[in-house]
Amino acid sequence: MKTIVRLAVTMLFLNSIIANCQPKMVKIKGGTYIPLYGTNNQKVTIDNFYIDVYPVTNQEFLEFVKKHPEWKRSKALKLFVDDNYLNDWKSDTILNTNQNLQSPITSISWFAAKNYCEAQNKRLPTVDEWEYVAMSNENMPDARTLKNYNEFILSWYEKPKTNIQTIGSTFQNYWKVYDMHGLVWEWTSDFNAVLISGESRKDVDKDNDLFCGSAAVNATDLMNYAAFMRYAIRGSLKAKYTMKNLGFRCVKD
Amino acid sequence: MKCEGEKIYADEGSCPICKMDLQPIEEEVKNFSLEEITETSIFNLTSKWNTEEGEEITLKKLKGKTLVMVMIYTTCKAACPRLVADMRNIEVKIPAEFKNEVQYIMVSIDPKNDTPKRLKEFAIENLMDDEKWTFLQGTEDGVREFANVLAVKYKKISPLDFSHSNIISVFNPQGDLVHQQEGLGVDNKITIEKIIETVKK
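Top line first, the protein sequences correspond to chains A and B. Those letters in the first sequence? Residues 1 to 253, by my numbering. Those letters in the second sequence? Residues 1 to 201, by my numbering.
Think of the hints as simulated: they come from the structure by calculation, not from any bench. Here the structure is a predicted model, which means the values were calculated and not measured. Just so you know, even glycine gets a beta-carbon here, dropped at the ideal spot from N, CA and C. Treat the hints with care, as some may be off.
Said to hold, decoys possible - Cβ-to-Cβ under 7 Å is the rule here; a few derived chain A residues that face chain B:
no.: 1; residue: R73
no.: 2; residue: K78
no.: 3; residue: A232
no.: 4; residue: I233
no.: 5; residue: A239
no.: 6; residue: T242
no.: 7; residue: M243
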């Protein structure tokens, strides 16, 4: 009897540990798809991986900063963050009164996001992985051709301050992942693989000068305006930049 | 030695005010090499790199000279030969008296194929085998991070081909970015001025 009780307690304990350590990741079954910026319409193959169900929250990032003081607002190296890093917080370790613990963390740089994921034994998703998960709607793994899928995203792009909503406030997609669209933009590990410069005027002829093999910039689907916006944003970012509506989530192999 | 308030005494003994024994102050562990670099220095990066000579280094090892850096890969047929030529043109134009103060760094964006051996061969083929030139092989992650610091964008477009921005960057001896030259075959006058200016400081 005692053994059974002990076992049950242990099981409960283990469960709670697992629930705490690995909260809210789901498995994404790999496959192939053609991203907006494919290479000569080539399909991209995605391996299986796990992804956070929600973007990283203020609370989670706060805990990270407490454990890793080198990422406190006052400590983070200027090589890795710009002046607006965590600038809405009240102090190094205190959120502002109008900030919700369950809202997505924003105003963080690529370096900060990358380090956060690594501290959880995870990593940032690649652009391809992120887009692969993000092209689904509630029921379909690839909803990119649906009008209402694109309209939803575009209408979000027009809405201000969606980052102050809490995680899970948008729809759950086919993979059971929340908030891929509608809450915040998200960092990806290889955002700097996007070969368009921040300034569209620069992207006309000079491009050939700036980029070797710039034929890689071929939109396979220029109709996909929503995705085009994302690639444009990524192309304009630098790794130390922070933005009020740019957060992240992590993945794992 | 300290006792009351913030006052600090050089010698052991007791506090003249409260007569308590002076306590030694904990010596701050100072890392001098770190202290001399700024927050924006690339020497803050801790990634590991292999040189063409097979030596494992961190970027901090390059501290002390003005650095001229470019990201290339050795199988590149299009822009890289021109980038390499641009680097060589810069090197040629630096006055003899400053030559020893400048180091030219070629960072591979293709760490899988560009092994130290391959980089050494490339250095020899391109007559860049003397000490002024350093070739670096990093990890995929380290290269991505470094490219982000330089704001260089690149993408693998086939197993042996990459698209990448053509940027030559100049760092001062403390590792701070002082100048970037964008494009191929552009006039390198300003870049050279910047290098000389940095060396003279």
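Agreement of hint A232 of chain A with chain B interface, Cβ distance less than 7 Å: A232 of chain A check fails; min Cβ-Cβ to chain B is 13 Å, beyond 7 Å.
Interface restraint verdict for R73 of chain A against chain B (beta-carbon cut-off 7 Å): With a minimum Cβ separation of about 13 Å from chain B (threshold 7 Å), the hint on R73 of chain A is violated.
Is the interface hint satisfied for M243 of chain A? The criterion is a beta-carbon contact with chain B at less than 7 Å. violated (16 Å)
Was the hint right that K78 of chain A lines chain B, CB cutoff 7 Å? Check passed: Cβ of K78 of chain A comes within 4 Å of chain B, closer than 7 Å.
Can T242 of chain A be said to touch chain B, with a Cβ gap under 7 Å? Because about 14 Å separates T242 of chain A from the closest Cβ in chain B, which is outside the 7 Å limit, the hint is violated.
Is the interface hint for A239 of chain A satisfied, with its Cβ closer than 7 Å to some Cβ of chain B? Since chain B brings a Cβ to about 3 Å from A239 of chain A, closer than 7 Å, the hint holds.
Quick one, is the I233 of chain A hint okay against chain B at 7 Å, beta carbons? violated (14 Å)
This entry does not satisfy hints 1, 3, 4, 6 and 7, going by the numbered hints stated previously.
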